Amino acid sequence: MAAKKLRRARLSEELCERLSRYQITTCQDFLCLSLLELMKVTGQSYYDVQKLLCKVSRACAPKMQTAYEMKLRKSVNPSSAFLSTTLHSLDKVLHGGVPCGSLTEITSPPGCGKTQFCIMVSVLATLPVSMGGLDGAVIYIDTESAFSAERLIEIAGSRFPTYFDSDEKLFCMTSSVHLYRELTCGAVLNRIMSLEEEIISKKVKLIIIDSVASVVRKEFDTKLQGNLAERSNFLARGASVLKYLAEEFSIPVILTNQITTSLSNGLAIQADLVSPADDLSLSEGASGSGKRESGYVTAALGNTWSHSVNTRLILQYHDLLTREDTGLISGYETTSESPSGTS
Amino acid sequence: MVLTFVEIGISKEEALEALQVVRQECHGDATRTAGGSGATRKCTALELLEEEQAQGFIITFCSALDNILGGGVQLTKITEICGAPGVGKTQLCMQLAVDVQIPECFGGVAGEAVFIDTEGSFMVDRVVEIATACVRHCQLIAEAHQEEDNLKALETFSLESILSHIYYFRCRDYVELLAQVYLLPDFLSEHSKVRLVVVDGIAFPFRHDFEDLSLRTRLLNGLAQQLIIIANDHKSAVVLTNQMTTRIGQSQSTLVPALGESWGHAATVRLIFHWDNSQRLATLYKSPSQKESTIPYHITSHGFRDVQPPAVTQNAEDTEMNPRKRPRREEEK
Numbered sequence: 001m002a003a004k005k006l007r008r009a010r011l012s013e014e015l016c017e018r019l020s021r022y023q024i025t026t027c028q029d030f031l032c033l034s035l036l037e038l039m040k041v042t043g044q045s046y047y048d049v050q051k052l053l054c055k056v057s058r059a060c061a062p063k064m065q066t067a068y069e070m071k072l073r074k075s076v077n078p079s080s081a082f083l084s085t086t087l088h089s090l091d092k093v094l095h096g097g098v099p100c101g102s103l104t105e106i107t108s109p110p111g112c113g114k115t116q117f118c119i120m121v122s123v124l125a126t127l128p129v130s131m132g133g134l135d136g137a138v139i140y141i142d143t144e145s146a147f148s149a150e151r152l153i154e155i156a157g158s159r160f161p162t163y164f165d166s167d168e169k170l171f172c173m174t175s176s177v178h179l180y181r182e183l184t185c186g187a188v189l190n191r192i193m194s195l196e197e198e199i200i201s202k203k204v205k206l207i208i209i210d211s212v213a214s215v216v217r218k219e220f221d222t223k224l225q226g227n228l229a230e231r232s233n234f235l236a237r238g239a240s241v242l243k244y245l246a247e248e249f250s251i252p253v254i255l256t257n258q259i260t261t262s263l264s265n266g267l268a269i270q271a272d273l274v275s276p277a278d279d280l281s282l283s284e285g286a287s288g289s290g291k292r293e294s295g296y297v298t299a300a301l302g303n304t305w306s307h308s309v310n311t312r313l314i315l316q317y318h319d320l321l322t323r324e325d326t327g328l329i330s331g332y333e334t335t336s337e338s339p340s341g342t343s
Numbered sequence: 001m002v003l004t005f006v007e008i009g010i011s012k013e014e015a016l017e018a019l020q021v022v023r024q025e026c027h028g029d030a031t032r033t034a035g036g037s038g039a040t041r042k043c044t045a046l047e048l049l050e051e052e053q054a055q056g057f058i059i060t061f062c063s064a065l066d067n068i069l070g071g072g073v074q075l076t077k078i079t080e081i082c083g084a085p086g087v088g089k090t091q092l093c094m095q096l097a098v099d100v101q102i103p104e105c106f107g108g109v110a111g112e113a114v115f116i117d118t119e120g121s122f123m124v125d126r127v128v129e130i131a132t133a134c135v136r137h138c139q140l141i142a143e144a145h146q147e148e149d150n151l152k153a154l155e156t157f158s159l160e161s162i163l164s165h166i167y168y169f170r171c172r173d174y175v176e177l178l179a180q181v182y183l184l185p186d187f188l189s190e191h192s193k194v195r196l197v198v199v200d201g202i203a204f205p206f207r208h209d210f211e212d213l214s215l216r217t218r219l220l221n222g223l224a225q226q227l228i229i230i231a232n233d234h235k236s237a238v239v240l241t242n243q244m245t246t247r248i249g250q251s252q253s254t255l256v257p258a259l260g261e262s263w264g265h266a267a268t269v270r271l272i273f274h275w276d277n278s279q280r281l282a283t284l285y286k287s288p289s290q291k292e293s294t295i296p297y298h299i300t301s302h303g304f305r306d307v308q309p310p311a312v313t314q315n316a317e318d319t320e321m322n323p324r325k326r327p328r329r330e331e332e333k
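Chain order of the listed sequences is A and B.
Residue 235 in the working numbering is what sits at position 235 of the first sequence, and the numbering runs on without skipping anything.
Residue 194 in the working numbering is what sits at position 194 of the second sequence, and the numbering runs on without skipping anything.
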């Protein structure tokens, strides 16, 4: 929308000519100028410039919908609003499953099962709608080379033995999971930017990025000057493109993150810095009071990233055998927990 | 100007008269070519006092929060809500979008809402939950008091009508946001019942892709100015949500509201939402009329609420301040 040419905003030819002499060709350039600059550049009066602003704005502005129309649209197609994870308590907390049209982040200590969860959800997405799936292809961007096709087949075969009863069905499923191995931040961003065409041509219904944290933390060392800002920039750009894709095509986007320990250098940290559900050391009973000297454990990638995702799920070790899911930052209620085992 | 007249030997009052006559002539020309509102915004403090007392507030259903705000979210002012992710900013915005529509006989302002979303966190199903709880609440009051206008108002205050009067715009980048705010005055003139404009996520579109920070500051200031004008001209409350960012200090890092120091001047009222162990707290950080204080709040399946049922009270101060408003009803849980 921002890069829309002024000509398409129905400004007159001569005005477009005149503006292009000042290197103003897109709506973005036009709207970023102040009124005085616009008057100088277009040579028109204050009130005429205001009318021009409205014209250009109308070309860029989003369409209005009432909340009622949104609800009607959702109720017409209820199955397409969520991707059920087939874990009943998790689905209940999420009000149906992984929501379509928004970003869901899964974060946990290493070895908890993020990649396994992603592989399982890939299988679910390829199932037909009658079985709770999305009947579409999956784009899996793998930055850790942790994806295992054999495991994919194993999960499919043991979870849905009646559906995947023939080799043919299994191959059909595996051919609709498109794997991309990207090993640098730049490559990941380029891949995300080029996804739009893939989604349309391959009829993709799920995007997974496993994991965002590993590739970002390899390249950005936040102790160095300027790296924090650059990292936030990169993450925010990636997040906004992913949000656009998720909303435009109404598909779920799943991202995985890691856990990090924030050290405080011996000073007391304000307890209100981090949401208590984000602070895993609280639930592990490490320290009850607000003052912690050794630091606290939290999801990686910082504050900006935490603002960018719509739903965040945290997996933890409950005891040696079961893992626990603490869902939080969802659009609905506060934190709640549901146990999950591995199969 | 008066001094030059005095040089030619007439008194200051005569000079003033002559100036005013001349001004009239020029002003007449200007008003003919002007098409805009040009409403003079000057009045005496007394007139302003009367206006303020008659002003409506949009209640939040958390009476502790309403109290520290002096009645609720105030019309004609910009209120900014800052907080860490997941603390409840969007929840409050959705609550307000429903509460602004409460009919006058129940203590509301009977307005409509514009919701500008830049982050994509608006969940229709959640609004349905909040609205249903709100309608139920009003129904309980109507049953308890059994008054004519209460029952009549309930006929039009339903889930469908609430949802139909929330006007939603999804802005994906800062250019769409700028464009939408330029078009907002026209939209509000067509929809004159709007009493609330929410911009959920004023920070998100401005926090990346901006190498030129001075451009960002200028655009944000421009936005703030336009929103102040909109709040005043259309007697609406403007509510903005902001993110928190880490400021790396010498020995420690702190969380501060995003968008820089100069943005802090844009809002009239600033609320900061934060955590204390597992309790959510709201702090009134900046307000021209209320003192700084902190209260706890809760987010339930019904929406934004108090932590425990507040003391049953007929708030005498309230009825004195706002003689036109019905006494505030009790919170029922």
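Keep in mind that a hint or two might mislead.
[Claimed, not checked] These stretches of chain B come out as covered by chain A in the derived footprint (C-beta under 8 Å, 3 or more residues):
| hint | segment |
| --- | --- |
| 1 | 56-69 |
| 2 | 158-170 |
| 3 | 182-196 |
| 4 | 213-219 |
| 5 | 243-252 |
[To be verified] Restraint-style ranges between C-beta atoms, simulated for each label pair:
| hint | chain 1 | residue 1 | chain 2 | residue 2 | range |
| --- | --- | --- | --- | --- | --- |
| 6 | B | Leu215 | A | Glu168 | 54 to 62 Å |
| 7 | B | Ser262 | A | Arg7 | 34 to 42 Å |
| 8 | B | Ser293 | A | Thr261 | 47 to 55 Å |
| 9 | B | Ser158 | A | His318 | 42 to 50 Å |
Hints were generated in silico from the structure; no laboratory data involved.
All values derive from a computational prediction rather than experimental measurement.
Don't be surprised by glycine CBs; every beta carbon is placed ideally from N, CA and C.
- Numbers of unmet hints, in rising order: The structure breaks hints 1, 8; every other hint is satisfied.
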